[in-house]
Structures are given as C-alpha cells and as structure tokens.
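Chain residues, written in single-letter form:
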Amino acid sequence: MTLATTLSPSPAAAASGAEKSAGPSRAVTWLRARANTTPGLLRLLGVGLVAAVVLLWAAAFTAVLVRDDAVGAMRTEAAPAFVAAQRLHADLSEADATIVSAFLAGPVEPADQRAAFDASIAAAAGELRVLAGTDGAATSKDALDTLQRELPAYTELIGQARANNRLGYVLGSAYLRRASQLMQATILPAADSLAASSADQVDDGYRRATSSAHVALVSAAGLISLAALVGVQYWLFRRTNRRLNLPLVVATVLVAATVGIALDAFSAERSRLLDGRDHGFVPMSEAAQARVLGLRAWGDEGLSLIARGDGATLDADADAVAARLGYVPNGLPTGSGLLPTLTEHLGGQGFRDGDLTRLWRDYQQTSIQVRALVTNAGGFDQAVELAHGDGAAAFGRYDDTADRALTASQQRFGERLAAGGDALGGRAIIVVVLSALALALALVGVQSRINEYR
Amino acid sequence: MTTRRIRLRPSRRRLCRRPGTRGAVAASALAALLAAGCATVASPLPRAARPLPITTAGGDAAPAATAAPDCGNPEVSLRPPAVLPAPGAMPAGSYLETIAKRGFLTVGMLSGAPPFGSLNPNDGTFEGFDVDIAKEIAKAIFGPDGASPQHLKFRAVTTAERIPVIRNREADIVVATMTTNCQRRTLVDFSVPYYQAVAKVLVLKHSSYRSLDDLGGRKVCAPANTTSLQHIADAPSNPIPVGLPNDADCLLALQSGEVDGILTDDTILIGMAQQDPQTRLTGSVVIDGKVVVEPDAVAVSLDHPDLTRFVNGVLARIARPPAGNGRWDEIADHWLGSLYPPLNPAPAQPPALYRD
Chain A
-16 MTLATTLSPS PAAAASGAEK SAGPSRAVTW LRARANTTPG LLRLLGVGLV
34 AAVVLLWAAA FTAVLVRDDA VGAMRTEAAP AFVAAQRLHA DLSEADATIV
84 SAFLAGPVEP ADQRAAFDAS IAAAAGELRV LAGTDGAATS KDALDTLQRE
134 LPAYTELIGQ ARANNRLGYV LGSAYLRRAS QLMQATILPA ADSLAASSAD
184 QVDDGYRRAT SSAHVALVSA AGLISLAALV GVQYWLFRRT NRRLNLPLVV
234 ATVLVAATVG IALDAFSAER SRLLDGRDHG FVPMSEAAQA RVLGLRAWGD
284 EGLSLIARGD GATLDADADA VAARLGYVPN GLPTGSGLLP TLTEHLGGQG
334 FRDGDLTRLW RDYQQTSIQV RALVTNAGGF DQAVELAHGD GAAAFGRYDD
384 TADRALTASQ QRFGERLAAG GDALGGRAII VVVLSALALA LALVGVQSRI
434 NEYR
Chain B
7 MTTRRIRLRP SRRRLCRRPG TRGAVAASAL AALLAAGCAT VASPLPRAAR
57 PLPITTAGGD AAPAATAAPD CGNPEVSLRP PAVLPAPGAM PAGSYLETIA
107 KRGFLTVGML SGAPPFGSLN PNDGTFEGFD VDIAKEIAKA IFGPDGASPQ
157 HLKFRAVTTA ERIPVIRNRE ADIVVATMTT NCQRRTLVDF SVPYYQAVAK
207 VLVLKHSSYR SLDDLGGRKV CAPANTTSLQ HIADAPSNPI PVGLPNDADC
257 LLALQSGEVD GILTDDTILI GMAQQDPQTR LTGSVVIDGK VVVEPDAVAV
307 SLDHPDLTRF VNGVLARIAR PPAGNGRWDE IADHWLGSLY PPLNPAPAQP
357 PALYRD
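Each protein sequence line maps, in turn, to chains A and B.
Every letter in the first sequence is one number past the one before it in our numbering, and letter 111, counting from 1, is 94.
The number in our numbering is simply the position in the second sequence, starting from 1, with 6 added.
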C-alpha cells in the first residue's frame, strides 16, 4: 500500500505525461515541487531506495540463475558428452591396436584378443548411442553421421581381413591395413571433432558460469543500494533527531548480506570450477590424448611389422606420436610434450599410480628394438616375438596407467562440477527472500518518517 | 605452483566477499578483485590434448612413360667361373669371401607374393620359388646347411624397396620376381634370368574384359615401382595406372571395385586367383605386337661382379640335365606344377646368355 502511494503518479505527473510537448522541464519542475516539501522528498527517496534494491535483487537473482544453469548444463550435457567422446576415441583406438596385435599372432586370432576387440567395439557403439542422444552442435552432427556410417564399414573390413587371414592369405593383411587406414584417417578424426565440439561447450559453460560481469554487476548494484541506504539514513539523522531508523538499519544489513551471500557463492563456485578445470578437465583431456596417442604408436608398430618392410610411413607416424608425447625417435625425452605436462598436472592431485613417462620409455625401448630387428636380415621372427611379448607387456602397463589417470581425472572433473553447482544451490531463493525483506524494511523505514508529517 | 595457488585462495575469496564500500577504495578494490580472484574462467582444450594429424605417405604417382636407356639385351649377364668355388673355399679377397666370413647371406625377399615369396602364416618362415633359388645360392656358399636360418637371412622387402636394399647394402642379393631391364641395370647388376614370367591381367570372373586392350580408360592396378605399372602406362589402350604398395592391396582394390584389373606376372596372378575364385586371368599382355615377358633375375650390387658371376654359376648348376643337376625343374614343379589353371607354356628355365 505504501508502495502504491509512493509510486502512484500524482495528477501533476499525469498532466505532464499528457502534455508531452512540455518535455522534461515540466517533470523537473514537478520533481522540484515535490522535493520542496519534506514528505515529498521522502517519497522520492523511498522510490530511489526501492529502485536500488530492486536492481540489486534483479542482478543477484539473474546472475545466480545464469551460473546455476551454466553449471547444470555442463554437468548434464557438455561434460558427459566430452567424456563419452573421449571414451569413444580411446575405445576405437584400442580396438584398432588390438586387432593389429592379434594379426601378428598368426592365422588363428587369440581368443582373448578377439574378446578384447569385440568389447572395445561394443563399448564404442554404446558411447556412440549416448552421443547421438545428446543434442550437440551442427558440426558434431556431421561427425556423428561419419561415425555411424563408417564404424560398420570398419568392422566389415576387419571381418574380411579375419576371414582371409584365417585361410592364410596375404590378402588378409591388405584388408587389415585398409581398415586401420579408415580408422585412423576418417573415424578417429570424427571422434576428435565430437570431443572438440563438446570441449567448446565446456569452455562456453565455464565462461558463463564464472563471468566476471556477474560479480561486477552484483557488486555495483550492492554498492549503489548500500550507498542509497546509508545516504538516506545520514540525511534522516541530520533532518530529524532520531538517531536510528531500525527498519533502515536492518535493511542495510540485509542488503549487505545479500551481496555477501551472492559473492561468496560466486567465489566458492568459481574456485571449485577452477579446481575442476586444473585438476579434472585439463589432465583428463591430456590423459585421454596420451592414451589415444600411445595406442596409435602401438598400432603403427604392429602394422609396420605386418607390412614387413613397407612401414616407413607408419614408422614416421609413430615418431610423430612420440614427439608429441615428448620423446625423440631414439627414446630420449625432449623436456616438453604431452607426458611431462600431464605428469605435472596429475602430480598435484596425488596420482601415484605409476609414472607414465617411465612406462612410455620402457615401451619405446622395445619399439626401437623391434624396428631395428625388422630391417635386420633374419630378424623378423625375433621382432614379432619381441613385439608380441615384452613389447605388448610394456605397452599394456603404459596403457593401463594412462587409463587409470583418465578415469581419476574424469571423476575429479565430475565431482568439482557437482561441488560448483552445490555452491549455488538454494542461493537464488535466499537472495530473493533477503532482497524482498530489505525492500519492505526500506519502505517501512521511510514511510514511518512520512507518516510523521500527517 | 599448486601450493602457491592454494595459499592465495582465501585472500581472493575475502576480496570477493567484501567489496570496498566507499569511493576510490571501493573502485580500486573492485578492479583488484575482478583482476585477481573473480575473473571469468575459460576452459579451452589444452594444447597438448589437441589431435595430432596422421602422417601420410607421399602417394604413389603413376610412372610417366619413359624411354629406357638402351643397354642391348638386358638378359645378358656376366659369365660364371669355369669351376664354381667349393663351399668354404671362396676366393681370397672376393666379396664371396666377405659373405663366407660373416657367416650368412642376406637376401631381400617379398613377403606377400605367393607362390614366389611369402611368409608362411603358421610358422613365420619365408617360402616360395624365389626362396628356394636363394637357398641354392646359400648352399653353394656355405655347404649343405647353407639354407638354415643361421646362414641365410631374409630381409622382407616391398617391390619399391628392392633396389634401395641393394644400394644401401642391407641385402647381398634380391630374389623377388624382379624383372631385369636397362633402366634398373644402371642402378643394380642382374644375374641371368632364372624365370620367365608373362604379363597378364587379372579381372573379375564375370566381367567382359578379354585383355588389356579392353581396359582402355579403366583403372588397372600394379604394385608400385614395378615394370608392370610401367606397362599399364605404356599400353596403347590407355588404361589408368594405379600403383599400390603390395600385390594384395591390388587384389583388395579389385574386390572392392576400385580397379577393374591387375597387371603383373602370371604366376603372381595365379596366386591371387587362388585367394579369390571369383577372378580369372586374361590373355597375355601384348604391347607393340610383342607379348610382354618379364625375365626375373637376381639383383646384385654393381660393386660385386664376383657375386653376380657366382649366382650365374649356381643358376647354371641347377639347370636341366645333362648340363645341370635338374634342381630348377624340381623347384618349378613344387611351386608351379600344381597351379590351376596350369601355366601355358609349362615353366622352363630361360637360356643363359653371357656378355663375356
């Protein structure tokens, strides 16, 4: 009711509204006329206070909602899609490397490797279904189409490779090479682009969930509200002999609390998301890449052996992979690259489940020996034996550890996103309630002074 | 790094919580907190986690039709010594002695071209016509156990690698269905031919192609860096040459409809037809009115004429009796005798011609 009396336009204001030609000068005159009387001035100040607190309420409420929505969207869509795309990529790489390794064993595919291949393909198909279910960007639509079209083509080529290999025909290895080429040149890049578009969504979510504009807006609105409240109280203190206007004092405290609670929530949410990024998202995407690249080098080695001398391109690719991981072809570390970076990022989180750099070097040493044996006359059998024995074991240790690092950082990323969301949980309602109370008390405080003039 | 970050966090939060309340203090505090603890957090994909493009091959460009340098008859080679040195008694100072002292002969061998050179998928050993020829040479150097893995070491090669492994000293000889011709003779030396293959085209059984002449404008495959690929480029009907790394890659391409035919030695094509019964061989390839024959010879470094002479001596020794011991016929019968359809004409060792 007080609100209505305060805000309802006076006949003069209505008149000024009607005669637009009079323009601002009439409004100014009207305002001056109002300000000349103390109750009129108090009413104007009341309107100002209401505007300031409403501004704060709107800013804080919107900012909390936007952040909550951004974190929620990341938790339910972008992050699971990113994780699924990375899993898909890893599972497909694993399938390809496994089948290559199985071919080295001879015409009869070892049962465990066949089972591992089938499991990887089944897992990839499952992830593909998950990804098809999330609504992604238009760019990922193409990638999904490619994956859904080419994955059956890949398994069909593998089927032909198996059938020919079983008969002891060299044609089998030609089909295997063709299949692997399809995987590496078409299918995996599509999985990459899926992961990239989910990563873009994560990036976008992070920016929305931690926008500094929210902090600036809430701080500015809070400062304006506090300044207005303090100013009115000071003016009342000077004008009247009453020292304290209790409702206004409480309103000031409530406004300060609203600002404090909102900024505190933002800050807590931000620091949790930051932790999720530095100790979840970053090591997660690096571990996924470390695993995928490792599998690629391992597959290259197997294919190079199967190609029996025609492995120059494959060897060059394995060298490029090693360089990205941080090692020159002869196995020495370059001092930079993916594995040292990943180890550093994992180190802070107490990931003590194996040293990836050491494990990779162990594997690369066997790979270097295998390559030397292949080009040595008479060394082919030994090369296959080494690749299948010590090489496979060393690679398995590297891959298992990379997988554990991936799982650990995925988990941490999910936890931190959830914690970030929790920091905002319920804050929107608290902000609404506190602002409404502050608003009401501000009006009560001003109105009680106005009433003294009746 | 991490500890520092953790220590900073409380102070940032305090800044966020209590923005300054007045004037300049407020403004500077606001600016500080925005810069330090409340700045927007971006989360792009880390650089190290971005995809690595795959390394691709340089591509198998089809050879241009080139005129080979004229060296006369490329099948003519060096005359073998009147008496072949006995195992364990290689002439002093010769490359043969180097091989004997080293204890093993290295041979470049195809691994995917049955029935000439292929890896037995069950035990991983090399086998085929070319392998048996190499074994005869090794036995002549090392004695009866010369064919053991101890004395005879195979280096798996692709067709494109056959010349480089000789020139890089990675193999002493290459026995890999390698056609002797004048162009190659500028890079490596050849023995006399040990086999005379005929170039044919493999097509799908139910296609209408009868010979290379019917394949004008169609894609025809051959392994990269082979004389076969050159023949496709030279053919008057103008088929489109497609060079792939291995014979088997060509068969895959034929099965998947990427090419309409494969041109290479009839013997290799028979090996392919055995892997895919839905294919058949066409008539011999005829260019300039002549049937294209591929005289396969053993490649040896130009620096080792004594080895070339020795190989020629071995090839003369395995000739049909009474001149030789008849081993060539046994090898041919073992690897080619049971082929179906049978080779026509039946395989016979090409005559040896010497230039000195």
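If you are wondering where the hints come from, they were derived from the structure by calculation, not from laboratory data.
For glycine and all other residues, C-beta sits at the position ideal for the given N, C-alpha and C.
Mixed in with the good hints, there may be bad ones.
[Claimed, not checked] Quick look at which bits of chain B chain A covers, simulated, 3 or more residues with Cβ under 8 Å:
#, region
1, 46 to 56
2, 107 to 114
[Said to hold, decoys possible] Derived lysine to aspartate or glutamate pairs resembling DMTMM-like cross-links, with alpha carbons at most 25 Å apart:
#, chain 1, residue 1, chain 2, residue 2
3, B, K225, B, D282
4, B, K225, B, E176
5, B, K211, A, D364
6, B, K145, A, D364
Results for each hint:
no., hint, verdict
1, 46 to 56, "holds (count 10)"
2, 107 to 114, "holds (count 3)"
3, B/K225 to B/D282, "19 Å, holds"
4, B/K225 to B/E176, "34 Å, violated"
5, B/K211 to A/D364, "37 Å, violated"
6, B/K145 to A/D364, "22 Å, holds"
When the structure is compared with the earlier hints, violations turn up for hints 4, 5 and for no others.
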